[in-house]
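S.K.: Spelled out from the first residue to the last, the chains are:
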Amino acid sequence: MTAPQQHGLGLLVDQLQRGELTEESLRRGVADIVGWNGQGVQDLLYLQAASSTPAAQVVGMMWVEGGQVKELPPDPDDWPYQTVLAAISDRWSVISFPEMSLLTMSDKEFHGLGFQFILERRS
Amino acid sequence: MADKTRDCEPTLTDSDVLDFCRNGYLLLEGVVDEDVNRRTLEFVADDTYYEPTSILDEDWFMEGVVMNSEAAGAVRCLLGAGFHLPVLMSNHRVTGPYAGTGGWHVDGNYVFSPEVNYLQVFYYPQDTPVESGPTQVLPGSHLIRNKARFMGHLNGIRGAVPTTSPAGSIFITTYQIWHRRGPQSDSRLRNMLKYVYWRTAPPRRDWIVEADFDFATANYGGPSAAFVEQFRGDAKCAEMFLWLCGRHEDYQNLGGQSWPLPAHRNDVPYGLPEGLPRTLSAPTG
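Taken in sequence, the protein lines are chains C and S. Here our numbering is used: position 26 in the first sequence is 26, and no number is missing along the way. Here our numbering is used: position 37 in the second sequence is 160, and no number is missing along the way.
Possibly wrong hints are sitting among the right ones.
Said to hold, decoys possible - Chain C regions said to be covered by chain S (calculated; three or more residues, Cβ under 8 Å):
no.	stretch
1	51-61
2	88-98
Said to hold, decoys possible - Pair by pair, the computed Cβ-Cβ distance ranges are:
no.	chain 1	residue 1	chain 2	residue 2	range
3	C	D75	S	K270	49 to 59 Å
4	S	G369	C	K70	44 to 54 Å
5	S	G369	C	D78	42 to 52 Å
6	C	L103	S	G226	50 to 60 Å
The set of hints was computed from the structure by calculation and includes no laboratory data. If you're wondering where the values come from, they're calculated on a predicted model, not measured in any experiment. The beta-carbon is built from N, C-alpha and C at its ideal position, and this holds for glycine as well.
Whole structure, please, built from the sequences with the hints as guidance.
M.R.: Dropping the structure here:
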């Protein structure tokens with residue numbers, strides 16, 4: 001459930017607790033919550049992993065939340081996710097996998113940082 | 124045109140040079156005199172242009188910073204005798220606080236190569252604790268190719284280190300090392316002067332030779348191992364070291380468990396280039 005959906009649900013719960021929830025307001029509130037599905041601001045998580053498996057340790061991270069780059073703890077051990085799998089478990093969806101065509105490049109040269117997964121979720 | 128080549132006493136040992144090959148940088152903490160730091164700060168307070176190049180015309184700066192015995196001695200080891208002096212001075216002046224970081228990048232006009240034909244050098248004339256946003260470097264990244272415009276999506280990188288240092292510190296880098304400005308939480312003015320030296324002589328092993336330094340068993344592994352295929356960092360580091368020794372034509376990697384991989388062997392590493400010294404007191408090869 002996205003943040004706007006949680007907010008809409010909270011409004012309905014408030015109305016219920018005050019005894020003000022009507023059939024009409026319930027129908028309108030549920031329609032709004034369903035209508036917000038898939039909407040909200042797209043948050044992005046770039047995770048550079050040590051290998052192509054989502055279980056590999058994350059060696060690099062950029063987190064974009066609410067349209068802004070989020071500051072990360074300076075110590076990588078304090079980053080919110082240590083693997084791609086940990087991020088997936090926290091409602092992030094992978095939208096881009098490591099580019100395997102990079103295998104065609106030289107055995108002796110290395111380019112860029114790790115194996116990049118890009119994930120999204122809505123807030 | 125004035126002669127801008129210089130020589131001085133070498134200060135680095137075999138092990139120091141190999142460390143430079145592994146890490147891609149060398150930090151010399153507090154090597155510049157306090158008086159020179161003070162005069163530098165006064166100079167850049169007057170000349171706030173981002174390229175205060177005229178500071179290179181000041182004898183006290185040339186002696187105290189550019190030809191500082193420890194810094195120039197290290198440059199002399201990595202670039203050889205008759206190295207060329209800087210002809211341009213940049214100053215990265217930032218007044219905090221500044222929550223963001225600079226983007227990771229390699230400076231323009233880089234060449235990824237085992238050759239060390241020029242060095243980028245940074246000088247902090249003031250104390251630069253982590254709160255003042257010292258430059259962050261990624262040790263070992265000089266061995267990993269990248270392009271500045273392809274690095275915009277990078278932020279936190281495991282293994283990156285801030286060049287936190289006291290006033291008068293100089294750090295010497297391979298030009299192509301990945302780096303960025305760190306976040307600054309204090310409100311101080313941070314100056315970081317940046318300049319480049321060049322090689323004019325062919326590479327050779329004319330630094331301080333260690334009697335017990337063994338090319339066969341030296342550890343060529345370094346921090347790049349976290350980002351590349353197993354042992355490829357060792358191979359690249361060894362190639363760079365041999366280039367600096369003037370032995371690049373002898374470099375070889377015969378695959379598998381051959382030199383320069385680290386291993387517990389029962390004999391000389393297979394593939395050790397012929398003629399490389401084991402130690403000064405041992406036979407070659």
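S.K.: Hint by hint, note whether the structure agrees.
M.R.: Structure-based check of all given hints:
Only residues whose C-beta sits within less than 8 Å of a C-beta in chain S count toward coverage, and the stretch 51-61 of chain C has 5 of them, enough to reach three; the restraint holds. Only residues whose C-beta sits within less than 8 Å of a C-beta in chain S count toward coverage, and the stretch 88-98 of chain C has 0 of them, not enough to reach three; the restraint is violated. For D75 of chain C and K270 of chain S, the hinted distance range of 49 to 59 Å is not satisfied, since their beta carbons lie about 28 Å from each other. Taken as a hint, the range 44 to 54 Å holds for the pair G369 of chain S and K70 of chain C, whose Cβ atoms sit roughly 49 Å apart.
Distance hint check for G369 of chain S and D78 of chain C: the Cβ-Cβ separation is about 45 Å, which falls inside the suggested range of 42 to 52 Å. For L103 of chain C and G226 of chain S, the hinted distance range of 50 to 60 Å is not satisfied, since their beta carbons lie about 28 Å from each other.
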